[in-house]
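One-letter residues, chain by chain:
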Amino acid sequence: MRGNSLSINIAGLQLKNPVILASGILGYTSASLQSIAENGVGAVVTKSIGLKPRSGYSNPTVVQTKCGLINAMGLPNPGIDAYASEIRQAKALLTVPLIVSVYGFSAEEYAETARRAVEAGADAVELNVSCPHVKETGVEIGQNPEVLVEVVRKVKAVVGKPVIVKLSPNVTDIAELAEAAADAGADALTAINTLRAMAIDIETARPILSNKRGGLSGPAIKPIALRCVYDLYEKVKIPLIGCGGITDWRDAVEFLLAGASAVQVGTAVALKSPAVFKAINRGVSAYLRKKKLESVKDLVGLAHRS
Amino acid sequence: MLTAANTLRVTRVSSVRVESPTVKTFTFKDKLCAKARPGQFIMIWIPGVDEIPLSIMNVEKGEVSVAVKAVGEATCALHGMKVGDKVGVRGPFGSYFTETPGRVLLVGGGTGVAPLLFLAKRLSARAKRLALVMGAKTKSELLFLDQFTALCTAKSMIAATEDGSYGLKCLATEPVETLLKKENFDMIYACGPEPMVRQIFLIAEKYVIPIEASLERLMRCGLGLCGSCMIGKYRVCKDGPVFNATQLREVKDELGVSKLDFDGKRIRF
Ligand SMILES: Cc1cc2nc3c(=O)[nH]c(=O)nc-3n(C[C@H](O)[C@H](O)[C@H](O)COP(=O)(O)OP(=O)(O)OC[C@H]3O[C@@H](n4cnc5c(N)ncnc54)[C@H](O)[C@@H]3O)c2cc1C
Ligand SMILES: Cc1cc2nc3c(=O)[nH]c(=O)nc-3n(C[C@H](O)[C@H](O)[C@H](O)COP(=O)(O)O)c2cc1C
Ligand code: FES
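Those protein sequence lines, which keep their order, are chains C and R. Quick note on numbering: my numbering labels position 5 of the first sequence as 5, and the sequence is numbered without any gaps. Quick note on numbering: my numbering labels position 138 of the second sequence as 444, and the sequence is numbered without any gaps.
Nothing false has been slipped in among the hints.
Straight-line C-alpha distance at most 30 Å; calculated DSS-like pairs for lysine-lysine:
no., chain 1, residue 1, chain 2, residue 2
1, R, 337, C, 66
2, R, 341, C, 66
3, R, 330, R, 475
4, R, 487, R, 443
5, R, 558, C, 91
6, C, 212, R, 571
7, C, 212, R, 375
8, C, 278, C, 16
9, R, 487, R, 434
10, R, 335, C, 212
11, R, 445, R, 488
12, C, 91, R, 539
13, C, 52, R, 539
14, R, 392, C, 212
For the record, the hints were derived by calculation from the structure and aren't laboratory data.
Produce the complete structure using the sequences and hints provided.
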């Protein structure tokens, strides 16, 4: 049988290709997610949603530097109550898996938000334990193995769908946290979220972002993300999703070779356009043909052979 | 790619003009913005306060101007600025009006006339006919009357105020429909409060006249990344702010009806 060479299964999620929309990128409305899906993604991840609405930080929330973007949106989101109807509409429109990103200020909040997201139709949840710029959530949860374990356990206890944990590079040892998440029952890991960063305007001598500190994304973080995935592939058995600075098919192939079963793309949607998803898939397909490989699965972790 | 337009530049206010009790025009040097097309917008950083989107009202001799209505914290802070004060600029961003040289009708409300003034300057020498319908609550809020009168075809500037303090006492939609009953236009360019834009769009559809309208949504990144500014499947900061009739038809359910607020929650106009 000649199947689709790009299709891959991650923790029970059947993807027609391994390129996923990263969280926080155009992920508020069902119309927007559907429009990205039409650009050929394998799955979409929503903006991170919490239990209660949040309006985020005031502008500037994004600043471009010479090597990438720094953002501190502050997790603006309508809260899971209002977002549930968006999830239902998205489910009705989408033919690709819908992954709802979830954050919370406690393990209970993560669990309750995740439960309601799945109740509304999410095919999987991604736990944002890695947002670098909001206090008492995100990386403040994800940098402490004990807290992380509690969050993952509580979510797993109430959710019957795959639970993906999105890790932060802003820690001493990402592998320790990955192992903790895997042991607690995570079905897959996404690596990485943005790196803590800032930009200062030299004319006014002020930090540019209203929150002063934000998270760096884009090409600058790709080598770091790649190293994280490579390290994690040696430490954990669950599937990995590579994320960080991917802008073309070569980047995507590198991540697959390092051990990722799929990749997420964020900043490149702005640096290039939403057509970037199709372009990456086309490139990966051509690469497979050239290398006489049948499936992307054959690429996963190939760089680790001794 | 990482582009020069996206990079924040800090520049100084080179002139401030009072246009009305609530509107001031600010001008400053910026090489990139000086190349902008009518309909495009910029993000202005008021250091320590906020960064907000503003339509370009004019570009001339390496300088760019914006007309700002004081409505809240950021716009009031901007109104407090003097010549020599520093602001940050990103842009120009977004789509622009097509600049059709035929028989053109401009329809503006409030500060929505700012990009139309820029457009009128580009069109006045080329358009076969240039007419404007401008709406405002009251006389003092009608902007750039003299400039528009000079740019439009003779006797083609129609003003409408809700309180009747100047021109016709009605909404901008009424004189637009009266005009279209009488004569044919090749294009309508509209910018203003979205409920008004919706009505103008519906009238344009009724009389089968092409229309382009500039829309506003909450802007954060301005780069087409964060999704704060969605209308239907479109990003107002990148695919817009100027949309053509085909696109407006696609977003008809939301146009002038609902938008996303700061939480990303859908609210009604
Ligand atoms: C493409 C575009 C072009 C615009 N052009 C002009 C112009 O030429 N002249 C002008 O006076 N105004 C223009 N505006 C509106 C202007 O951006 C808002 O009036 C300004 O942001 C208000 O900020 P504030 O802090 O003074 O008021 P706030 O009290 O913070 O807000 C008042 C209202 O302004 C709007 N607003 C606030 N922040 C933003 C934001 N970041 N993005 C979009 N809307 C926001 C919201 O509707 C809000 O309810 C434009 C908006 C857009 C999107
Ligand atoms: C504007 C913006 C908003 C983001 N919002 C979220 C978010 O809500 N939740 C999350 O887990 N990650 C968020 N991220 C991080 C991205 O999902 C991704 O992990 C990161 O940007 C690295 O990938 P990239 O270089 O392809 O963008 C955001 C990134 C950007 C640029
Ligand atoms: S403002 Fe961020 S996508 Fe338009």
